[in-house]
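Colleague: Single-letter residue listing:
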Amino acid sequence: MQNREILPPPMLRIGPLRWLKDNLFSTRYNALLTFLAVVFLYLTLHPTLEWVLWHARWDAIPANLKLFLVGIYPMKDVWRVWVCVYWILLLLGLSGGLWGRLAREAALIVGSGAILLLLLPFSWMERLWILGAVLGLFGGLSIGWLLRERKSWRKDVIILWALSPLIVVLFLGGLPNNPLLSPVGTNQWGGLMLTFMLAIVGIASSFPLGVLLALGRQSSLPVIRWISILYIEVVRGVPLITVIFMTSIMLPLFLPAQVRVDQALRAMVAFALFTSAYIAENVRGGLQAVPRGQIEAAKAVGLSGMLTTFFIVLPQALRVVIPANVGQFISLFKDTALVFVASLLDLFGMAKSILANPDWLGRDREVLLFIAFVYWLFTYFLSRMSRRLEKALGVGER
Amino acid sequence: MPAPQTVIPLWRDVRVLRILAQVIFVITLVLVANWFYTNLSRNLGRTGIHVGFDFLHLTAGFRISEGISFESTDSYGYAFWVGIVNTLRVIGIGILLATILGLVAGVARLSTNWLVCKMASVYIETIRNTPLVVQLFFWYTATFLKLPNVHDSLELPGPIYLSQRGLALPVPHLTEHFSSWSYFLVAGLVLACAVYVGRRRYLQRVQRPGFPSAWALITFLGTSALGWFLLPRSPIAWEVPVLSRFNFEGGLQFTPEFAALLTGLVVYTGAFIAEIVRGGILAVSKGQKEAARALALNNLQVLRLVIFPQALRVIIPPITSQYLNLAKNSSLAVAVGYPDLFSVANTIINQSGRAIEMILFIMGSYLIMSLITSAFSNWYNRRIRLVEH
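Going down the list, the protein sequences come from chains A and B.
With the UniProt record's numbering, the residue at position 158 of the first sequence is 158, and numbering never jumps.
With the UniProt record's numbering, the residue at position 181 of the second sequence is 181, and numbering never jumps.
A portion of the hints provided could be inaccurate.
Stated by the list, open to error - With a straight-line Cα cutoff of 20 Å, these simulated SDA-like cross-link-like pairs (lysine to any residue) come out:
(1) B:K118 x A:T27
(2) B:K146 x A:S353
(3) B:K118 x A:D22
(4) A:K391 x B:G279
(5) B:K146 x B:R165
(6) A:K66 x A:S353
(7) B:K286 x B:L297
(8) B:K118 x A:V39
(9) B:K146 x A:E366
Stated by the list, open to error - To give an idea of the interface, some chain A residues facing chain B are shown, with a C-beta separation under 8 Å as derived from the structure:
(10) V234
(11) P239
(12) L255
(13) P256
What the hints contain is simulated information worked out from the structure, not anything from laboratory work.
The structure displayed is predicted, hence computed values, not measured ones.
By construction, the Cβ of each residue, glycine as well, lies at the ideal position given by its N, Cα and C atoms.
Given these sequences and hints, build the entire structure.
Modeller: The following block contains the structure:
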């Protein structure tokens, strides 16, 4: 009896007609609903498709592709952007090989996306660059796969990930008096690259501040607690656009006259100030999820308050809030479009300025749909990954 | 004999340390704030700007085409007020429409009809994953401004006219017979109250469930309908927009800016509300539904009496935060040129150069809105909280 194999329940085989009946015409009311939906779809999709295929003038997009991607970044330095892309893809590939599952899936999706790009009508030079990206990703993937047994590599890769924002900023911004990496001011950054930089620098710099604010809000010292609460609630109560507006106008007024801060940096400060309040609230949720027993046990072992916080509470709390913070990154990525109030030329700002050019007059739908698609691609990918991550970490299942 | 008192040295006494830590924290904050303040006053002194609120009485010199009437001779302070009213207008209508759209889309995503479910999913996943400002810009420049000229505007049943100049709707207005009709309304209200109380008492006596409020509603509607037909002319008539030489006149008119902002906010927030509604309905355990079915409640009763009251408890807190997001996102009006409080303040800053004061005003206004909303939501949460015995 014990050894008898447990069989799965028999698979139901459903023919297409049965499927139609079950899913579209199960009741009279459902049939009516299906009919209405089909009519609606026909009325909306038919003119849309006709427009997309015949009337839309998509010429504005290939003609301005460089502007959309990197803005007015000097043409001779575009290779630096590529190197940064390679770096990130190599890391992604390595992580995919080392961890498997989710990371590998992400690497494979990005890789197939890059291969799809190869099929588009780019010039052979651009194709070569893209081919390099594909090779970098899959190279990283195979190296990581070969090294998957050595666990110590995982820590190294995490450190490399943590260092990447710094490396990328240095590489793109350049160094003074360096012939190879000549300085490129952030006023020359633009397009999708600026969008990414704003989002990544914003999240990276808001994270430490957010953790400190969350700890401050949980602190037993009333002054620190109240000031943290005040900061968090005020920032969460105002729209992001006003914070960007404020830093873009007022930051120079609050700093000594000889310090010059350009617009991109001001926008990054705004994102850091704004997002830190939201991160603080996420982290607070994580702090509250750490069972009291953990803290009491740490105290009993004789750890001081500081050690308890940094070695017992925070590691557990931060693990729980990873998905929430990925969500925060996604919404930050979308919100970077708001830097148009500081007249920065990110992906959206670039689209606006291209549309203002008389050469491309009346291409509003085409250009806006294109950039919306680019935003959608990254956000949808990230949110799918975040949902998977949530499951993999088992958050909310304890 | 008591143990000898060991004196804790001052630098290891927790009470002293706690106070010391706070004092150091406050001193650091004050020093930083002072540094900012000195920089600010030095920079302001250098550029010759002075800070104060006297400029609010100065003549604005620009026009606001939307909302309550505003002339270019009115003051800056009044201009800001017009902006606040415009913001509240878009928030009020937006919240109402977004809730309806969100409810429909959320329920549709749970529909057993495959096509309806997929349509709702596509709507939600597309809208949630693109930036709102891109959508707003799309609605404005690529949709509303691409509509036909006012002379060959699209006519929808109603009649509702859609053109480059925006949206023109018929609006109900009261005729001279309304005052006589209002007697019927009052009478209907009184009757309805009486019916409600009587029916409720009766139901309590016979111990049966029922809908006393539906009875009252029918009584009220019946009385007012009776009045409507007895009067020689109907008390409410539709004022239909009429095309004159340059634009529509009469009726209710929305500018393309308002229409674009409202559509964008409603479609965007609706997608988020839909996800909340779906989550709330899924959060009600399946056993509840099955138990209700076992008690022979019909589908509508299950939804109304069992699922919805429980789902509401899960739905309300995140939905209020979505309302708050809608209120804050209304500041994106500046992207389409609708004169809300942020965009009016922006104009004031450009004209008068009073950035600091106006930014304080903007932030203060949004903060007050947020505080009122969160106070209301806290109160409501307390009221519907699950009382566990």
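Colleague: Indicate, hint by hint, whether the structure satisfies it.
Modeller: Structure-based check of each hint:
no., hint, result
1, B:K118 x A:T27, "18 Å, holds"
2, B:K146 x A:S353, "19 Å, holds"
3, B:K118 x A:D22, "15 Å, holds"
4, A:K391 x B:G279, "16 Å, holds"
5, B:K146 x B:R165, "10 Å, holds"
6, A:K66 x A:S353, "14 Å, holds"
7, B:K286 x B:L297, "15 Å, holds"
8, B:K118 x A:V39, "15 Å, holds"
9, B:K146 x A:E366, "13 Å, holds"
10, V234, "6 Å, holds"
11, P239, "4 Å, holds"
12, L255, "6 Å, holds"
13, P256, "6 Å, holds"
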